[in-house]
Structures are given as C-alpha cells and as structure tokens.
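Participant: Sequence:
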Amino acid sequence: MNKLPRSFFNHPTLTVAQELLGKVLVIGKTSGRINEVEAYIGQNDPACHACRGKTERNKVMFGSAGHLYVYFTYGMYHCANIVTEKKEFPAAVLVRSIEPISGIELMEKRRKRKDHLSDGPGKLCIALNMTKKTNNGMDMCGKTDDGVYNDGFIPKKIKKTSRIGIRVGLDKKWRFYY
DNA sequence: ACCCCGATCGTA
DNA sequence: ACGATCGGGGTT
1 MNKLPRSFFN
11 HPTLTVAQEL
21 LGKVLVIGKT
31 SGRINEVEAY
41 IGQNDPACHA
51 CRGKTERNKV
61 MFGSAGHLYV
71 YFTYGMYHCA
81 NIVTEKKEFP
91 AAVLVRSIEP
101 ISGIELMEKR
111 RKRKDHLSDG
121 PGKLCIALNM
131 TKKTNNGMDM
141 CGKTDDGVYN
151 DGFIPKKIKK
161 TSRIGIRVGL
171 DKKWRFYY
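Quick note on the numbering used here: the first sequence kicks off at 1 and runs consecutively.
Since the hints were made in silico from the structure, they are not lab data. Predicted model only: the values in this text are computed from it and were never measured. Hints are not guaranteed to be accurate.
What the hints assert, rightly or not - Cβ pair distances, simulated, as ranges:
id, residue 1, residue 2, range
1, His11, Lys112, 36 to 44 Å
2, His116, Pro5, 16 to 24 Å
3, Gly137, Pro12, 35 to 43 Å
4, Arg57, Glu105, 29 to 37 Å
5, Glu108, Arg6, 19 to 27 Å
6, Phe153, Lys29, 16 to 24 Å
7, Ser7, Asp115, 35 to 43 Å
Backbone N, C-alpha and C fix where the C-beta goes; we use that ideal spot for every residue, glycine too.
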C-alpha cells in the first residue's frame, strides 16, 4: 500500500474523483475502500459550498490539495471531502461511501449497529470518527498514517449520475461509483 | 442576533 | 417515499 502524494490531488477534480474510486481511506485505526464520490467544483457549480466565494466554513477548499474539508450539516451529521486543484481554486471530492476494511468492530461500536456502517457521507464520518472540530483542514499527505492509499485495486466499471441531495446543479453528472 | 434550511439518515 | 431534527452558516 503506497500513500497518495499531494500531486495526486493537485489535478482536475473530475479526474481525481474517478481515480479515488477503489483507493483505501485510512483514518486512525479504521479504514475502508472508497466506492462512491462526488465532485464539487468552483464558482460555476451552484451546488459547491464555495460558489459564492470564500467564507469561514469553506476556506479549506481554497487551500492546497490533499487537505480534508469536513463540514457539519442537518444539525447532526458531518461530511468529509478531500480538497483538489491548485491553491485558491475551490474544489473538492466528497467521499460518499466506503467499504469497511479494518477497525470494523470499532465502526460497529461508533455506529451502534452492525450493518450499513459507512455507506453514506454522514455514516462514514461516524464510523471513522471524523468531525469538523478534529479533522477539518487536516493534511492527508503528511507523515501520519492518515491518508488515502493505493493497494492495486482497480474498479471494473465506473458509473456516473447526478449528485445526491442537492437542488441545483443537477445537470452535472458528477457522482461516480462502482 | 436570528432565521432558514440543508452535499442526511432511518424507518415506513 | 418521507418526516425528524437542530446546529450554525450567512446574512440582517
């Protein structure tokens, strides 16, 4: 397993999003294979948090690639993105689902159930214990084990649809899964 | 200071 | 398919 370097994320978001499929996300003692993502890209994407410019919440998206953008939503959930593209270009890939690989008992304990541990953006943040307070802005290309890894797995067929849970930007088919 | 609504989840 | 849920971002 080799860790993805910053140069992997410092590219067009649609490319990074599709290449992230099948990679292994590691946070602490838990990990899982990414099997669903969505791209959110800059000022011309009405569904992107950064479409109206930089704010206190979305400022991480304007930073350098390879950092986590974790935000709080629906009064009770978190969602985790990995920042892409060059500095000051606000874009990121939302990780919507992972297939649990390690730390499964820990995930079950955190989720308080044994099924559907991480098949949703809010669920996987609970399973991997990611919150805005502790994970927003963290570097996924640093020296710690936290990050994204390539173990050689290659998705067979990538499917593309509109993104989930949004009311604008539905014309863009920027959800990818396999 | 406050109002509105959401990149969701779980159950029906 | 739909309702619960509520913190806080963004604007006043």
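Participant: Evaluate each hint against the coordinates.
Facilitator: These are the hints, each one checked on the structure:
1. In this structure, His11 and Lys112 meet the distance hint of 36 to 44 Å, their C-beta atoms being roughly 38 Å apart.
2. At about 32 Å, the beta-carbon gap between His116 and Pro5 misses the expected band of 16 to 24 Å.
3. A C-beta distance of roughly 23 Å is found between Gly137 and Pro12, which places it outside the suggested range of 35 to 43 Å.
4. Separation of Arg57 from Glu105 is about 33 Å and conforms to the stated range, judged on CB atoms against 29 to 37 Å.
5. As the Cβ distance of Glu108 to Arg6 is approximately 33 Å, the hint placing it in 19 to 27 Å is violated.
6. Distance hint check: the CB atoms of Phe153 and Lys29 are about 21 Å apart, consistent with the given range 16 to 24 Å.
7. The beta-carbon spacing between Ser7 and Asp115, approximately 37 Å, falls within the hinted interval of 35 to 43 Å.
Violation of the numbered hints given earlier is confined to hints 2, 3, 5; the remaining hints are satisfied by the structure.
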